[in-house]
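Listed below are the residues making up each chain.
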Amino acid sequence: MATTAEVRLTATAPSWTSTAGAVASGFWRHAILRALVKAAATIYVVSTFTFVIVRLMPGNPIEIYIDKLVTEQLLSYEDALATATGKFSVDLRRPIYEQYVSYLGNLARGDLGSSILSEGTPVTALLLRYLPWTVFAVGTGLMLSFLIGISLGLMTALKRNSPTDHVVSSVSAVVSSIPDYLIGILLVVFLGVQLRWLPITQMRGVLSPGIQPGFTFEFVRDAFFHASLPIVTYVLTHTGIWMLTMKNSTLAALEEDYVTAARARGLSERRITTAYVGRNAILPLFTQFTISAGFILGGALFIEFIFVYQGLGWLLYNSINQRDYPIMQGVFLLITVSVVVANLLADLVYTKLDPRIGRG
Amino acid sequence: MTATLDFLRLLKSRPVGLAGLIGIVLFVVVSFVGPLLVPLDTKVDLTAIYAPPSFAHPLGTDYQGRDVFNQIIWGGRDIMIVAFLAALLSTVIAVTFGSLGAVVGGAVDSTILAITDVILTIPRLPLLVVLAALLRLNSILILALIVGALAWPSLLRAVRAQVLSLKEREFVEAARALDLGLGHIIFAEILPNMRSYIAISFILAMTQAIYAQAGLIFLGLVPLSGTNWGVMINLAWVRGAVFFRDSLPYILSPVLAIALFQLALVSLASALEDIFNPRLRGAA
Numbered sequence: 001m002a003t004t005a006e007v008r009l010t011a012t013a014p015s016w017t018s019t020a021g022a023v024a025s026g027f028w029r030h031a032i033l034r035a036l037v038k039a040a041a042t043i044y045v046v047s048t049f050t051f052v053i054v055r056l057m058p059g060n061p062i063e064i065y066i067d068k069l070v071t072e073q074l075l076s077y078e079d080a081l082a083t084a085t086g087k088f089s090v091d092l093r094r095p096i097y098e099q100y101v102s103y104l105g106n107l108a109r110g111d112l113g114s115s116i117l118s119e120g121t122p123v124t125a126l127l128l129r130y131l132p133w134t135v136f137a138v139g140t141g142l143m144l145s146f147l148i149g150i151s152l153g154l155m156t157a158l159k160r161n162s163p164t165d166h167v168v169s170s171v172s173a174v175v176s177s178i179p180d181y182l183i184g185i186l187l188v189v190f191l192g193v194q195l196r197w198l199p200i201t202q203m204r205g206v207l208s209p210g211i212q213p214g215f216t217f218e219f220v221r222d223a224f225f226h227a228s229l230p231i232v233t234y235v236l237t238h239t240g241i242w243m244l245t246m247k248n249s250t251l252a253a254l255e256e257d258y259v260t261a262a263r264a265r266g267l268s269e270r271r272i273t274t275a276y277v278g279r280n281a282i283l284p285l286f287t288q289f290t291i292s293a294g295f296i297l298g299g300a301l302f303i304e305f306i307f308v309y310q311g312l313g314w315l316l317y318n319s320i321n322q323r324d325y326p327i328m329q330g331v332f333l334l335i336t337v338s339v340v341v342a343n344l345l346a347d348l349v350y351t352k353l354d355p356r357i358g359r360g
Numbered sequence: 001m002t003a004t005l006d007f008l009r010l011l012k013s014r015p016v017g018l019a020g021l022i023g024i025v026l027f028v029v030v031s032f033v034g035p036l037l038v039p040l041d042t043k044v045d046l047t048a049i050y051a052p053p054s055f056a057h058p059l060g061t062d063y064q065g066r067d068v069f070n071q072i073i074w075g076g077r078d079i080m081i082v083a084f085l086a087a088l089l090s091t092v093i094a095v096t097f098g099s100l101g102a103v104v105g106g107a108v109d110s111t112i113l114a115i116t117d118v119i120l121t122i123p124r125l126p127l128l129v130v131l132a133a134l135l136r137l138n139s140i141l142i143l144a145l146i147v148g149a150l151a152w153p154s155l156l157r158a159v160r161a162q163v164l165s166l167k168e169r170e171f172v173e174a175a176r177a178l179d180l181g182l183g184h185i186i187f188a189e190i191l192p193n194m195r196s197y198i199a200i201s202f203i204l205a206m207t208q209a210i211y212a213q214a215g216l217i218f219l220g221l222v223p224l225s226g227t228n229w230g231v232m233i234n235l236a237w238v239r240g241a242v243f244f245r246d247s248l249p250y251i252l253s254p255v256l257a258i259a260l261f262q263l264a265l266v267s268l269a270s271a272l273e274d275i276f277n278p279r280l281r282g283a284a
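Sequences listed follow chains A and B, in order.
Counting from 1, one number per residue, gives the positions in the first sequence under the numbering used here.
Counting from 1, one number per residue, gives the positions in the second sequence under the numbering used here.
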């Protein structure tokens with residue numbers, strides 16, 4: 001949207017500014033390009049931010065690490081500097097702006113340094129080892145909560161103000177207002193300790209000892225056994241939001257003229273709810289689903305902590321606890337990049353699904 | 001005064017909202033007046049570990065035989081102060097810059113919106129966890145500052161959208177025609193029309209601040225001393241109290257205190273939404 005000031009500027013300025021201005025405003029008006037710039041800017045800001053907190057803040061992790069090497073392992077300052085250089089993938093002997101540039105270059109090549117505690121393990125390798133479990137557990141939780149949520153939302157909207165609507169809506173409002181970690185604790189306390197229905201301690205971790213990953217029934221069953229409580233916790237805390245969104249969206253769709261018209265044409269209620277109401281009501285939820293998919297990686301931090309489920313959230317917590325900052329930095333960057341990419345996809349999906357957007 | 005009475009009359013027809021308000025008042029009174037009446041009792045009694053509820057210990061005792069009821073009374077204040085301050089900070093940022101951008105427009109608006117979009121995209125909880133780990137937040141004021149400083153972006157966008165629609169109304173046009181100035185237009189014309197919306201957002205910001213701070217404390221990333229519902233849950237977890245069957249009243253007390261306070265806030269917020277946003281009436 002061009003403001004009056006811009007319009008005035010392009011009208012009176014020499015021709016070269018007007019072209020540049022037109023290109024710039026045309027560029028900004030283009031939804032997809034704007035989304036791309038936004039995504040790139042966010043990743044750049046977050047990368048710079050992690051560089052600053054790990055490298056420049058007083059008492060930063062690198063200084064602490066060097067101090068530790070000097071005092072505990074009796075290294076000379078130069079040797080300690082050299083060791084830290086390798087760990088953090090930043091050459092500490094060069095001027096700070098050169099460090100910054102080479103840090104960004106390393107990031108672009110996927111070099112995130114290596115773990116301080118597990119000697120020589122590249123951070124990227126660790127991320128790849130923990131990533132699939134979070135994607136599996138939280139991804140399953142997201143999909144289940146979405147499916148249950150939209151079904152309940154559609155149902156309660158169609159049976160608005162019925163006893164079923166009141167019960168389902170109230171229960172989901174109550175459950176979704178309780179923090180996920182409290183739900184997780186309650187599950188451990190009641191299912192694991194008070195009732196002893198579940199072997200809580202055996203369910204910890206991502207796999208039982210001795211189970212080899214592969215396309216075997218045993219492996220799949222064991223993976224679900226260990227992921228079940230994280231999934232249940234996620235579903236309990238997230239279904240209510242999907243349900244309420246779907247309900248509101250359906251109620252809005254029910255008031256549209258095309259529904260009245262379809263009724264007037266004598267179409268069956270069943271056809272109206274599926275082909276007319278449901279399809280339109282679910283449209284805005286796809287965008288939200290895409291955005292939520294981006295939050296999978298960082299979205300179950302507390303849940304992974306409670307059930308000792310070794311995914312990315314657990315890795316982040318553990319790296320913080322053990323002061324393994326290259327890992328912490330890597331997990332944080334990966335989580336952010338996934339959110340940024342999902343947002344970008346959501347922007348694209350939105351412009352694709354709704355032709356009214358993005359033509360500027 | 002009449003406004004308050006009108007408000008209570010409106011709320012009376014919404015029992016859930018009224019219950020929420022009563023719950024909030026109750027929690028606030030217990031947490032702020034309670035400590036004045038009941039002295040802090042941190043007496044360790046190793047003969048009474050996980051004692052069941054009794055007259056002496058209405059909510060039983062913890063892993064060191066300390067009175068749980070006493071900790072519940074003393075443990076809400078800091079949580080509420082942090083929630084209030086964080087919500088205040090994020091609401092002030094969101095309202096100020098959201099309405100400024102919407103009213104001024106142009107480059108100011110674009111800049112504010114660009115910064116907001118970037119911060120909105122950064123996953124907040126992992127960022128808080130990283131910041132808490134590096135900054136060693138051992139004061140509740142800094143905790144409130146950090147939580148609040150990251151919580152404003154979505155509210156800013158909502159406020160901006162509201163102001164954009166309000167500023168086209170006749171009364172704002174009139175104020176502009178009278179040349180009453182930007183400050184007058186924002187604070188005297190536009191914002192009073194958004195009071196209820198801001199109040200609802202403030203309550204929801206408080207629930208988010210409680211979620212974030214209690215979560216950080218539960219993970220043990222905020223080395224707070226003193227009695228605090230979050231610290232109680234953290235200690236019950238790391239000391240393994242959760243895994244003893246006798247510890248049920250002890251572990252349930254802080255969990256329910258936080259959950260019920262959250263529930264009370266959410267109930268009030270949704271009742272307010274119902275009252276002031278009749279368009280959505282019955283939808284939720």
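Watch out, some of these pointers could steer you wrong.
Claimed, not checked - Straight-line Cα separation of at most 30 Å, DSSO-like style, residue types lysine-lysine; simulated pairs:
1) A/Lys159 <-> B/Lys12
2) A/Lys352 <-> A/Lys68
3) B/Lys167 <-> A/Lys38
To be verified - Derived DEER-like restraints, expressed as beta-carbon distance ranges:
4) B/Ser110 <-> A/Gln202: 29 to 37 Å
5) B/Val104 <-> A/Trp197: 36 to 44 Å
6) B/Leu145 <-> A/Ser102: 45 to 53 Å
7) A/Arg279 <-> B/Leu145: 57 to 65 Å
8) A/Asp67 <-> B/Ile142: 36 to 44 Å
9) B/Phe7 <-> A/His166: 49 to 57 Å
10) B/Ser196 <-> A/Leu33: 49 to 57 Å
11) B/Leu36 <-> A/Asn60: 50 to 58 Å
12) A/Phe286 <-> B/Gly106: 31 to 39 Å
13) B/Leu88 <-> A/Asn161: 36 to 44 Å
14) A/Ala82 <-> B/Ser110: 44 to 52 Å
15) A/His166 <-> B/Val104: 32 to 40 Å
16) A/Leu207 <-> B/Gly106: 26 to 34 Å
17) A/Arg221 <-> B/Ile22: 44 to 52 Å
These are computed hints drawn from the structure, not numbers from a lab.
Because the structure is a prediction, the values reported are computed rather than measured.
Don't be surprised by glycine CBs; every beta carbon is placed ideally from N, CA and C.
- request: Take the C-alpha atoms of B/Lys167 and A/Lys38, compute the straight-line distance between them, and say whether it is at most 30 Å.
  value: Judged against 30 Å, a Cα distance of about 27 Å means the pair holds.
- prompt: So the hint says 29 to 37 Å: do the beta-carbon atoms of B/Ser110 and A/Gln202 match that?
  reply: Check failed, 55 Å falls outside 29 to 37 Å.
query: Has the hinted range 49 to 57 Å been met by the Cβ atoms of B/Ser196 and A/Leu33?
result: violated (38 Å)
field: Range hint compliance [Cβ, B/Leu36 to A/Asn60, 50 to 58 Å]
entry: violated (43 Å)
field: Cβ separation of A/Arg279 and B/Leu145, checked against the hinted range 57 to 65 Å
entry: Violated, at about 46 Å.
C-beta pair B/Val104, A/Trp197: status relative to the range 36 to 44 Å that was hinted: With Cβ atoms ~60 Å apart, the hint is violated.
message: Please check whether A/His166 and B/Val104 have a Cβ separation lying inside 32 to 40 Å.
response: violated (46 Å)
query: Within 26 to 34 Å or not, the Cβ separation of A/Leu207 and B/Gly106?
result: violated (57 Å)
message: Quick check: does the Cβ-Cβ distance between A/Arg221 and B/Ile22 fall within 44 to 52 Å?
response: holds (49 Å)
A/Asp67 paired with B/Ile142, Cβ distance criterion 36 to 44 Å: violated (24 Å)
query: So the hint says 31 to 39 Å: do the beta-carbon atoms of A/Phe286 and B/Gly106 match that?
result: holds (33 Å)
- prompt: Holds or violated: 44 to 52 Å for the Cβ distance of A/Ala82 and B/Ser110?
  reply: With Cβ atoms ~46 Å apart, the hint holds.
The structure fails hints 2, 4, 5, 6, 7, 8, 9, 10, 11, 15, 16 (numbered hints given earlier, in ascending order).
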